[in-house]
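A.B. asks: Chains as they are written, first to last, in my numbering: chain H, 814 to 909; chain R, -17 to 305.
Don't take every hint at face value.
[What the hints assert, rightly or not] Just a few of them, taken from the derived set where beta-carbon distance is under 8 angstroms, the chain R residues facing chain H: (1) ASN(-1); (2) LYS16; (3) SER19.
Since the hints were derived computationally from the structure, they do not count as laboratory data.
No residue lacks a Cβ here, since even glycine has one placed at the ideal position from N, Cα and C.
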Amino acid sequence: MLVWVIYDITENRVRQKVSDRCKSYGLYRVQKSVFLGDLNTNDRDSLGLECEELIDIERDSVYIFPMDEQSFKKVQLLGQAFDKELVSDEVITKFF
Amino acid sequence: MQLVINTRGSFLKKQNNCFFVKVDDKTFEVSEKKVDSILITTSATITTDAIKFAVENNIDIVFLDNFGDPFGRVWHSKLGSTTYIRRRQLEISDEPEGFRLAKGWIEQKIDSQILFLKDLKKNRPDQKDELDDYISGMEDMKSQLEALEGKLDEMRGKIMGLEGMASRHYFEALSFLLPDRWKFNGRSRNPAKDGFNCLLNYGYGVLYSKVEKACIIAGLDPYVGFNHTDDYNKKSFVFDLIEMYRIHIDRTVFNLFSKKQVSDNFFDEIPNGMTLNKEGKAVLIQAVNETFDKEISYRGRNIKIGNTIQFDCHRIANNLIGK
Chain H
814 MLVWVIYDIT
824 ENRVRQKVSD
834 RCKSYGLYRV
844 QKSVFLGDLN
854 TNDRDSLGLE
864 CEELIDIERD
874 SVYIFPMDEQ
884 SFKKVQLLGQ
894 AFDKELVSDE
904 VITKFF
Chain R
-17 MQLVINTRGS
-7 FLKKQNNCFF
3 VKVDDKTFEV
13 SEKKVDSILI
23 TTSATITTDA
33 IKFAVENNID
43 IVFLDNFGDP
53 FGRVWHSKLG
63 STTYIRRRQL
73 EISDEPEGFR
83 LAKGWIEQKI
93 DSQILFLKDL
103 KKNRPDQKDE
113 LDDYISGMED
123 MKSQLEALEG
133 KLDEMRGKIM
143 GLEGMASRHY
153 FEALSFLLPD
163 RWKFNGRSRN
173 PAKDGFNCLL
183 NYGYGVLYSK
193 VEKACIIAGL
203 DPYVGFNHTD
213 DYNKKSFVFD
223 LIEMYRIHID
233 RTVFNLFSKK
243 QVSDNFFDEI
253 PNGMTLNKEG
263 KAVLIQAVNE
273 TFDKEISYRG
283 RNIKIGNTIQ
293 FDCHRIANNL
303 IGK
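Okay, chain H solo, but in the shape it has when bound:
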């Protein structure tokens, strides 16, 4: 299922760790502190647990929002938009 991860983290080092973790789970960065991608339930849960370990729960916040396909189709992209096909795993061949 598509998952949005949105965070607000004070310390640079922690922020870096959370963003690396998101990337390694296969999420794509769509804004500075916003990640998006297709994750299964297991990965979604373990990403949540790992982020919780990293952050300072007194000051920081990480939101993990699942989103169904129906709603994703209704997403409006304005301005500098991300690649909708890439984040929803519809790209089966990527050329360089």
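Following the hints, position chain R against chain H.
C.D. replies: Here is chain R on its own, set in the frame of chain H:
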């Protein structure tokens, strides 16, 4: 997804737990979880870290030469499964059961060729009569093939002969249906003499590496062939199995032509023939991957065409050891 490194001078490394690709000023980062294979079709740089990372995650890195033939691959040095499968594969290759198995693969190939021509016939009423001639020729070969009995040793020549004749009819039929500009005169390889063969060869090259991977994962020995005889470093078993899947490439390539998606600037002239260039490779690989991503009905369930190869290999392996 499949990563295809198709631009000279690209650079691939591992960064955190991702593959990181750099081409000129463009960069791209993707998690190992999203990648299932990496295809390198040109001169590029890869770090050993990236290779190790790929191997650890069962992502195979395949290097293709100008004609699409895989000239190397990076894959773990393990057997894939138990040696018992390979032992049985050797034993069965000269038993009647091996003969039936090998004959079945060729029958399936000819069947799918005939089916393809019949599909093409549906939308081409003007060419129906000619196509019917080709089809009945091929059906004749198929029934001769079905009638064969005995051992592989004695029958190998006959099987291959009938297969060759059926294929000749088949490609003549395909050439007949192409627009004049793209008509071809039989199969040509290394190098291809025309655009159709050029795309076909490259597609078969990509397919060949998929079949080899599926064999290894299922524990089958790529070198112990049934229809194809032993030879120095010859991956006979891959040659045997690939026959069943060529049709997917044939259909993909033919569709590219019939939908007018092939243009002259896909090809580079070389002495005695032609090769596919960067642009041509991109169009073909994209189309082939789309084909493999389509679902078909397979033994009562719907699975992706690309996965049928692995399912078949597992099934063959399980049959060999009586499971």
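A.B. asks: Evaluate each hint against the coordinates.
C.D. replies: Structure-based check of all given hints:
{"no.": "1", "hint": "ASN(-1)", "in the structure": "holds, 3 angstroms"}
{"no.": "2", "hint": "LYS16", "in the structure": "holds, 5 angstroms"}
{"no.": "3", "hint": "SER19", "in the structure": "violated, 10 angstroms"}
In summary, the one numbered hint that this structure violates is 3.
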